[in-house]
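In UniProt numbering, the protein residues as written are 1 to 922.
There's no promise every hint is true.
List of simulated lysine-lysine pairs, BS3-like, C-alpha gap at most 27 Å [to be verified]:
hint : residue 1 : residue 2
1    : LYS596    : LYS649
2    : LYS180    : LYS203
3    : LYS533    : LYS801
4    : LYS886    : LYS812
5    : LYS488    : LYS833
Label-pair ranges, simulated between beta-carbon atoms [as the list claims (entries may be wrong)]:
hint : residue 1 : residue 2 : range
6    : GLY107    : PRO132    : 18 to 24 Å
7    : HIS811    : GLU595    : 41 to 47 Å
8    : PRO750    : MET497    : 24 to 30 Å
9    : GLN534    : HIS31     : 33 to 39 Å
10   : PRO132    : LYS203    : 34 to 40 Å
11   : LYS203    : MET497    : 37 to 43 Å
12   : HIS31     : PRO132    : 55 to 61 Å
13   : SER804    : ASN460    : 41 to 47 Å
14   : THR637    : GLU731    : 31 to 37 Å
15   : SER123    : MET497    : 55 to 61 Å
16   : PHE803    : ASN881    : 25 to 31 Å
17   : THR839    : ARG403    : 37 to 43 Å
18   : GLU119    : HIS811    : 32 to 38 Å
19   : VAL767    : ALA701    : 43 to 49 Å
If you are wondering where the hints come from, they were derived from the structure by calculation, not from laboratory data.
Predicted, not measured: the structure shown is a model, and the values here were computed from it.
Note that CB positions come from ideal geometry on N, CA and C, so glycine has one too.
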Amino acid sequence: METTESEPAPELSAEEEMALIRDITAAAEAHAKEGDIFFLITNRWWQSWIDYVIHDLAGVPSNGYHHEFGSNTPRRPGAIDNTNLLDDMASEVSDMQIELHDTLVEGRDYILLPQQVWEKLHSWYGGGPTLPRKAINTGLSQTDLAIEVYPLRLQLLLMPKGEQAVVRISKRVTVDVLRKKACEVFDLVPDEVCIWDYYGRTKHALMDNLEKTLDDANIQMDQDVRTGLYIIILVEVTTDANGSLDGACMSSIQEDYFGSASTYLMTDASKSGFSNENLASLCYGSRSYSSSLMQSQYLRSSSGDLDNVPGTVGVTTRGSPSGLTGLLNLGNTCFMNSAVQCLVHTPEFARYFREDYHCEINWHNPLGMVGELALAFGELLRKLWAPSRTPVSPRPFKTKLSRFAPQFSGYNQHDSQELLAFLLDGLHEDLNRVKHRPYLKSKDAEGRSDEEVADEYWANHIARNDSIIVDVCQGQYKSTLVCPVCGKVSVTFDPFMYLSLPLQFASTRSMSVVVFTCDGSAPPIPYTVSVPKQGRCRDLIQALSNACSLRNEERLLIAEIRNHRIHLILEDPVLQLSTIKDDDHLAVYRLPRLEKRASYVQFVHRREDLDLGNNSSSTSWKPYGVPLLAQISRNETVTGSDIHEMARKMLVPMFRNHVAQHSAVQSSLSTRTQSYHTDSSKFQLQLIDDSNTVIEQTDYAIRVPQSSVATVIFVNWSKLDIKKLNTNHLEHLPEVFKYAPPAKRTRGEPLSLYACLDAFLREEPLVPEEMWYCPRCKEQRQASKKLDLWRLPEVLVIHLKRFSFSRSTKHKLETFVNFPIHDLDLTNYIANKIPQRQTYELYAVSNHYGSMASGHYTAYIKLLDENRWYNFDDSHVSAINEEEVKSGAAYVLFYRRVGEADGAASNGTQSCVKRSRRSSQR
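Sequences and hints are given; from them, build the entire structure.
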C-alpha cells in the first residue's frame, strides 16, 4: 500500500490553523446531510495537533507544560499517518481494498472529520492514506445521520458456475444496486439474474423487492471475519444459453459448493477485519477468491455448518475448557451478547439447559412465548458450551427475540439490563411448571408475625410461579407503607428478580412540610415533594400545589418556624431553595386568594406550665407547637369576635372527636361555631394579644398592622383543654429533610456497593404521582415507603443505575463503584433474621463503555472450573486478571451464594440440579 503524500502548503501560525479549522467545522456541521463525505484520521495524530494549537493559543510557559516526549513545548505535527488504523495483513492491497482493524473505536482510535476539514489539514501536513466514509440516514428524520465506518462484507456465490467474490457495499443501498454490482462482478445481464439471502445454507429469502435497502431486507453484518465467514448472497442465473430455466441449479449448488470438505477453501480472513459495532458506506468490490488469494487457513467442517466453521481460533485441544465461545455481532447486538453470556455462565442455568428441560416447557401459558424463547435460548447455550471455541452466530435467537419483543427488533443499540429483565421474565413464563394458575388473595396481617405473613405471600407466589428462574433468581422484599395522616401501616411481601441500585442522589431534592388550612376543611397534612436542587421557591410551591390539589382560588404561603413562631415568611418566588437547610422546619398555609393585599394574624400556641421556684407555685405560659396563620384584607375592620372565629375554624379539625368525623365537619362549615361549642361545651378559648390583654368576643375593632409582618395572638391552653386536641402535627413539625444521609466519603474514596444498597433501602416518601390509597382515610396519601430485603435468591443480580433520563436530556453516570468480588456480606441487610450468613461471590459483570448513543457492551465472566476471569467482547474471548474486573464500566453484577454444596465450583460441567430447596433455604 502506498501512503498518499502531497506537498504541504505554506505554514500558518497555530492560531490561524485553529481559527480556520473551527470555522470550517462549524459550517460543515450546520449543513451536514446524507451523502456527505467524512474522513477518518488517527486519534494519535489529531491529539498531537490539538496539543500544538492549544498550547500556542494558551501561551503556556515552557516550564508549565510537559510534553509526552520530554520536550517542554509540543512541536508542529509531522505528516498525517493513518497506517495504525489499517490491518497489517492488508498493507499490500490497493487503495480500493484498504481494510481497517476490526476493533477500532471512535474517539479512542480515530476521529471523523468533515471533508473540508480533512482537505485543509491534508493540504497543510500531507500524509495519508485517505480514508473517506459517507454519512447515511438511520431514521425517519433527515437529521438522523450516522457515518458508516465499515461496509457490509458480502460473499457473492454464482450458480451454477460456482464462482465466488467478496464485495463491500453500504447497508443503505437498494437490492437493485446489489444486483447490478453482482452483474458487474460476474459479467451478467441483470434481467437473467435473481439474488437470494443464502442464510443457513438455504434460500432464506428471495430478494425480489428491488427498491428495498439491504438494511430493510435484514442483510446485516452477522459474521466475524476472524472465522473467515461472510454474509452469503446467492447469485442465481435463471436461464441457460437457450433462454430456458436451469432446473439443475440447486443440485449443482449442493454438489459444487457443499461438496467434499477437502475441495472448499476459504481466504485468510485476517486480511479483512471489520467491526460489527460500526457502519460503512463505500463499496469496495474485489474478486478475493481468485486463485492467487486462495491460501486458506480454514477448512469447511464436515457438517457444512457455516455458523460454526472451525479455524485457528477454534482449534480444540485435549483438555481445553468449555464455555469460552464468543458470540458474533449482528450489528449493534453487543448489548444482547453481554447479557446472554452472563446468563449462559450462570451455573444453575448452564446445567439446566444442557439436560432435558423440554418436559418443563409450558406450551400453553398465555403469558409465555409458547416455549420458543426457552428453546432458542437453550440451543444457543448448548452451542456456547460446546467444546469448539469458534464464535457462534446468535441470529436464530435474535429472530425469536425480535418476534416476541419488538422493542429489540432491528439493529439499534439497546440496554443490556432491559434485555436481561425481559429474558428472565420470558424464560420464567416459558418454563413455568404451573399449568393452571389458581386465584389467591393474601390476607391482612391482623397482628400476625412478619415471618408468618411473609411465608404466606411466598407460598401464594410459588403456587402461581414455579420455574428454574424462580428457583435461582427470585427473592422477596418487605415493603412498608405508613400513612402520614392517620398512621396506618401496610406491610406487603413482594418478589423481586434483581436489585436496581442508585449511584448517587439525582439533581432533585426531597423537602418535607406540613400544610395547614385556614378554613378548617382538613387537619394538618404532611407532604414530601421532590424539587430541583438548584430550584427556587416557586418550584416548591408548584410541587406542593400539585400534591395537595390546590384550587385556583387558593394560594400557598411558606413560613419558616423557629421557637414555635413564624420566623420568616418566604414570599419571594425566586428565592433560592438552597437557602433552606435540611434541618429547617417549614409550615405551609393554604389561604384564599384576595384581590387586595393581605395582612396576617399569627396564632401562637402556649401551654400552661407550673413554676415551682422559691417554695411557691405559679402558672406561666410557654410557647408550644406550630403557629396557625389567618389572613385579612388590608384596611378591613376586624373585631374580637372575628379573631375568635378565625381561631375556631382552624382548630376544629384538630379536635380528637373531629379527626375521625372529618367529613361531618366539612358538611357543617356553616354551623362550625355551634358544633364547636356542642362537642366541647367546657372548652374555653383564651386569646391574648402581644400586650398581654385578653381579646374578648366583642364587636370592638382590633388593630391589625398593615404590613406583611403577622400580628401575634397567643392561644393559651390549659392542661385540661389541650388534651382535647390531636396535637400530633402541632407538636411534631418535620425537618425539611430528616432521612439519614448516605455514609460520607472522603475525597477520592470510591462509592461502595454497600452505600448504594443503603440508599436503595432508605425510607423515602412516595412521589406525588404514585400516591397510596389509605384504606383507613379512604383517600390517596403520600405515604412513606421503606424496603427491606427479606428473602435472598441463590443468584443475586444487581443493576447499577448509570443511565438517567429527563424530558430533554439523557445522561450516563461514569461513577466508579467499589464492589466486592469475594464475600459480599448481606447478613445485616436481611430483615428476616436467620442464623446463616448471607454471603455472595461475583461471577459475571455486564460492562458498558462510552456514551449512551454510541456505547459498547462486554462481559467479564469467571470460569469457575479454572478459577479464572475472561473478557467476552462479542466474538473475542481473552483472559484477564481479577484486578481488571472492577471498573467504572460495570453495569450489571451477577453474584452467587457462597456455601452451597451443589455446583459451587463449576459454571456448568456438573450434573443438573433438581428443583431448589427454596422453601427451606430462602
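Here is how each hint holds up against the structure:
1. LYS596 <-> LYS649: At roughly 22 Å apart (the allowed maximum being 27 Å), LYS649 and LYS596 satisfy the hint.
2. LYS180 <-> LYS203: holds (20 Å)
3. LYS533 <-> LYS801: holds (20 Å)
4. LYS886 <-> LYS812: holds (18 Å)
5. LYS488 <-> LYS833: holds (25 Å)
6. GLY107 <-> PRO132: 18 to 24 Å: holds (19 Å)
7. HIS811 <-> GLU595: 41 to 47 Å: With a Cβ separation near 45 Å, HIS811 and GLU595 satisfy 41 to 47 Å, so the hint holds.
8. PRO750 <-> MET497: 24 to 30 Å: holds (27 Å)
9. GLN534 <-> HIS31: 33 to 39 Å: holds (36 Å)
10. PRO132 <-> LYS203: 34 to 40 Å: At roughly 36 Å between Cβ atoms, LYS203 and PRO132 fall inside 34 to 40 Å, so the hint holds.
11. LYS203 <-> MET497: 37 to 43 Å: holds (41 Å)
12. HIS31 <-> PRO132: 55 to 61 Å: With a Cβ separation near 18 Å, HIS31 and PRO132 fall outside 55 to 61 Å, so the hint is violated.
13. SER804 <-> ASN460: 41 to 47 Å: violated (35 Å)
14. THR637 <-> GLU731: 31 to 37 Å: holds (35 Å)
15. SER123 <-> MET497: 55 to 61 Å: Cβ of SER123 to Cβ of MET497: about 59 Å, so the range 55 to 61 Å holds.
16. PHE803 <-> ASN881: 25 to 31 Å: At roughly 28 Å between Cβ atoms, ASN881 and PHE803 fall inside 25 to 31 Å, so the hint holds.
17. THR839 <-> ARG403: 37 to 43 Å: holds (40 Å)
18. GLU119 <-> HIS811: 32 to 38 Å: holds (36 Å)
19. VAL767 <-> ALA701: 43 to 49 Å: Hint holds: Cβ distance 47 Å, inside 43 to 49 Å.
In summary, the structure is inconsistent with hints 12 and 13 from the numbered list given earlier, while agreeing with the others.
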